[in-house]
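Undergrad: These are the residues of each chain, in order.
Protein chains: 2
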Amino acid sequence: MAPKQTLIVDCDTGIDDALALLYLLGDPGVEIGAVTTVFGNTDAETAALNTLRVLELAGRADIPVSVGARSNWCGDAHLAPHVHGSDGLGDTDLPAPATAPSAEPAAELIVRLARQNPGAVRLLAIGPLTNLATALLLEPDLPELVEHVTIMGGAVRHPGNATPAAEANIHNDPEAARIVLRAGWPVTLVPLDATMGELITEQHQRRLAERGSPTTRFTSSVLEQYFDFYERDIFGERRAACHDPLAAAIAVGDVAPVLAPVVSTDVDTGDGPGRGATVADVRGQYRGFPEQQEANVRVVLETDRTFPDLLVDRLCGAPEPTRRVA
Amino acid sequence: MAPKQTLIVDCDTGIDDALALLYLLGDPGVEIGAVTTVFGNTDAETAALNTLRVLELAGRADIPVSVGARSNWCGDAHLAPHVHGSDGLGDTDLPAPATAPSAEPAAELIVRLARQNPGAVRLLAIGPLTNLATALLLEPDLPELVEHVTIMGGAVRHPGNATPAAEANIHNDPEAARIVLRAGWPVTLVPLDATMGELITEQHQRRLAERGSPTTRFTSSVLEQYFDFYERDIFGERRAACHDPLAAAIAVGDVAPVLAPVVSTDVDTGDGPGRGATVADVRGQYRGFPEQQEANVRVVLETDRTFPDLLVDRLCGAPEPTRRVA
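Top line first, the protein sequences correspond to chains A and B. No gaps in the numbering here: position 185 of the first sequence is 234 in my numbering, and each next residue is one more. No gaps in the numbering here: position 268 of the second sequence is 317 in my numbering, and each next residue is one more.
These are computed hints drawn from the structure, not numbers from a lab. Every residue gets a Cβ at the ideal spot worked out from N, C-alpha and C, and that includes glycine. Do not rely on the hints blindly, as some may be mistaken.
[What the hints assert, rightly or not] Taking beta-carbon pairs under 8 Å as the criterion, some of the chain B residues facing chain A (in silico): (1) R206; (2) G285; (3) T318.
[To be verified] Interface residues of chain B toward chain A, partial, derived using beta-carbon atoms under 7 Å: (4) I283; (5) D317; (6) P322; (7) D330; (8) V331; (9) F338; (10) P339.
Turn these sequences into a full structure, and let the hints steer you where they fit.
TA: The following block contains the structure:
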């Protein structure tokens, strides 16, 4: 058996964050060392409580949860109750947590775990990047201590979702995103280009409901709110993008991107209509993306669009194909 | 017969500008009232001389040519000899012009013709938008005097070509582009999303060479330089995008776009990596682009990719299908 990977998941739980956590908890080869939370889908405290609710549902209240940034460094925080419900988790009947978050701030926890396990920690960031940028300020050597960073965020050839140009996680803290992308560590970015192609449907929801476990009853239920948003604002149909779970699956090597060039990538931190846009140099798209000297980010532009089946198989406890790729 | 359309062509001639002019000159239903030039593919004076060379080749030295902006208002001008050759026109043996540009500055000429023909002039802008923005400053009522503006420029879901985010015409003067897009007149934007799908090939070049007229000998010859650039920097093959001719064909109604939503469109005028990006709100792409209150630009995202055949038919003097659409 391959050695366990230690992941720190930085998230803003959030419906799809919850799906990502449940997906990861179902993999015996992955060890979640801690979950840190940040404003985004909901406020950072609620995100921590939601994370605890999900961990307790999965019987994993042993995993430490730490609260992080309440806003970006400009003091702004764009929350998304219209997407994730007023409690950030679809307003289901999931009980309040019995456990409490750690007293250690998120960025300090990230730095501590990285120092304790030099070279052995992977970061999965599925919310705004304020905690990771703060951790980089606290420990400038963090890039040498961390093995890999996977980020759900950005939009390259796909339109944004927070604004015409910008995806919500990056738009919520463009300055932090620029710091994280430029830090010199190996980064995989999973933007809307990939996640908007991986769609969970009502058929998946029915499978989850029929399975009837506490986890699948919750995920089936929470998808109602998510489908409501996607039907109303995005697709005109009841299906939803697997943003955060896809990034999780890529982080642990369950999904091999179909197209993921390593390219020079920056973030627009100006005040104009492009604020928060991820500017990735994909001009080489007609020539197989020739190597770039300044390339700093692996950008996942396409996956094979079968991930929702894998996600639902995992949540239903079905036997899975052997498909780990990294 | 439909009444003649009066077009003012604002250009930076340029290989594909030359193709656009020759395409338009082959249409008996289109009257080019004047050609104004701007820096871009080459400097504004050379663009005027190149325009005269092309007009004389086609026996149309009667059309007035006027020189416009030498740089944008920041004093910058990014020319493109690596694309268009050191003379801006593929370094062929086309003779120097016998005629000379008008003494009237481009922006003044645009304003004068619009005042003389209120509501009857169409603008086709296939270079940086400095002349149009200057004309708007000279005559704030210009939007009421002009019937329509068609612009080759921008990149929406397609990467830029001047930078990862920005297309060259818009990148060369983002401030002017913002002024022109916001002026409140009907604007059709033909960005790289459309033009990079309309590819002229070596087969087309052979047809032009075999036709053997002065015009087709020149166009076949000038394509050598264009193919050199596209093979080396873009496609790895000898084919080239019909940027400016496609915009010309759309301006006169020869090509009906397959997908052209009217959407809110702005330009990034900041100093960051997105400078010159056209930020068009195409987030409604999954729902048939629902109507937007602030929509200001018709953005051509797709055409049917058969335009190069029409272009070469026209240049070869072949009978054309009846396909005018507007």
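Undergrad: Which of the numbered hints above does this structure break?
TA: 9, 10
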